[in-house]
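J.: Now for the letters of each chain:
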Amino acid sequence: VTEVATQPIDEALADKDSATLVMEILFKAPDSVKSPYSRYRALRNTAPRCRIEFPQGVAWVLTGYHDCRHALIDPNLGHAEHRPRLGDDRGVDRPRTMMFMDGPPHIRQRGLVSRAFTPKRVERLRPKIAEHVKELLDRVVEKVGPGGGEIELVDSFAFQLPVAVIGELVGVPAADWPLLRRLTRAASEALELFAGPEVLKRSDAALNEMEEYFRALIAERKARPRDDLISALVQVEQDGESLSVEEIVSVTVLLFGAGFQTATDAIGNGTIALWSHPDQLAKLRADRSLMPSAVEELLRFENPPHLLGRAVQNDTAWRDGTPLAAGENLLILLGAANHDPTVFANPEVLDLARFAGENPPEPPLSFAWGPHHCLGVQLARAELQLAFSGLLDRFREIEVVDDPLKWRASNFRGLHSLNVHLVPA
Amino acid sequence: MRVVVDYSRCDSHAVCMGLAPDVFEVGDEDDLLHLLQEHPPEAAREKVREAVRRCPKLALSVHDDE
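Protein chains in written order, with the numbering used here: chain D, 167 to 591; chain L, 532 to 597.
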């Protein structure tokens, strides 16, 4: 049974019915793009499981933590054929990334690469990540000068760090990162709800180009192996069976794309959250042992993926018995789940110590949950901890210049760009 | 109580080891989860149940002893 804690609703939203709130969230009303949380709250208060009939079918819009978590783990819920649309344009024989697979094929593809991202393996990457942070921030310090100055932080740091880490790990040459960034952005447009035919076409073209790119790179590594994941995959024999080139293509496209895009957003979002809460920032400066909890909290507070979709594959039911019919869709609002007051006390308050101590709250759904729980979670945590440590170490002051902030209208909450004024320490 | 690990799901995150180190261990050498006690004693059961709930990959389950 979903317990609903009543929170005050913004006056401007008080008269809106749940269907209107859903439309404004999904269709990205400008002030919902700026901050979706007041609408999430209003919707959770009035209809935490909001069932809406769209022309394309029935969708349940979920804003409660426990419903969202259930939707991510119930084996009767999956990705079905019609959602998401990535790859739809390309015929059934083409591989799709494991993000949209269910069951044994998903487990097989994931198993090929998951061992490269365990806590122990990531721990060994930390010195290398710290080195990247240092080099990138050296350049930033040089640009702003000793007295301080303005710089755009997404291109100069938030993107550069994760792309360098995943690029080296997978084995993608640095010269190709900007091209692949553009292609990943275009390919991911298909993940937006209601992406039109033009967008899907563009997205598929980008995906095809990425696949071509990785096919060529795989051939190159086959001829001249290096110490990277692509070379390892080329050589791997899983259960006595070699991997097909197309499988390696599908895995590397996803790893590389997912490896930097959301981490870029998380660094940008976290920077804004940290430097707009001076008391919390001071607390973290004074006690760096809070950093792991701080990163969990920053990811809870402003996590990048705000919407995941699932489809009901077999008739099933919610835990309270409410039926869910095959063919219906679920829209899982992770950003709303992470602000559910029944799980996170005072969810709109940034509390960097929230996950420190003996009895932390339930884990946030920032990295989803269940079979598709983010493969790169440990890497993301390490990158974020080292990125924020680097910013704290190297800069006495960080002031956000943009007003308003340049949020993208996307299911992935993140910034186009972030202009800041920095004063080196 | 009998603990079962689904190795096709486990990502070696070691969340379980953090909660119940007497029951779960991620090996230094092989980086794989080892079940130290298939039948944990009464005192460890609450933490084991918490580990089941907090495993992000749902790789753990507990069953009644036959």
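Honestly, the hints are just simulated from the structure, not real lab data.
What you are looking at is a predicted structure, and each value in this text was computed from that prediction instead of being measured.
No residue lacks a Cβ here, since even glycine has one placed at the ideal position from N, Cα and C.
Check the hints yourself; a few may be wrong.
Covered by chain L, per the in silico footprint, the following chain D stretches (three or more residues, Cβ under 8 Å) [claimed, not checked]:
id, stretch
1, 276-286
2, 533-547
Short, incomplete list of chain L residues facing chain D, as computed with Cβ under 8 Å [claimed, not checked]:
id, residue
3, H544
4, H565
5, E581
J.: When the structure is checked against the list of hints, which entries are broken? Sort them ascending.
T.: Numbers 4, 5, in rising order.
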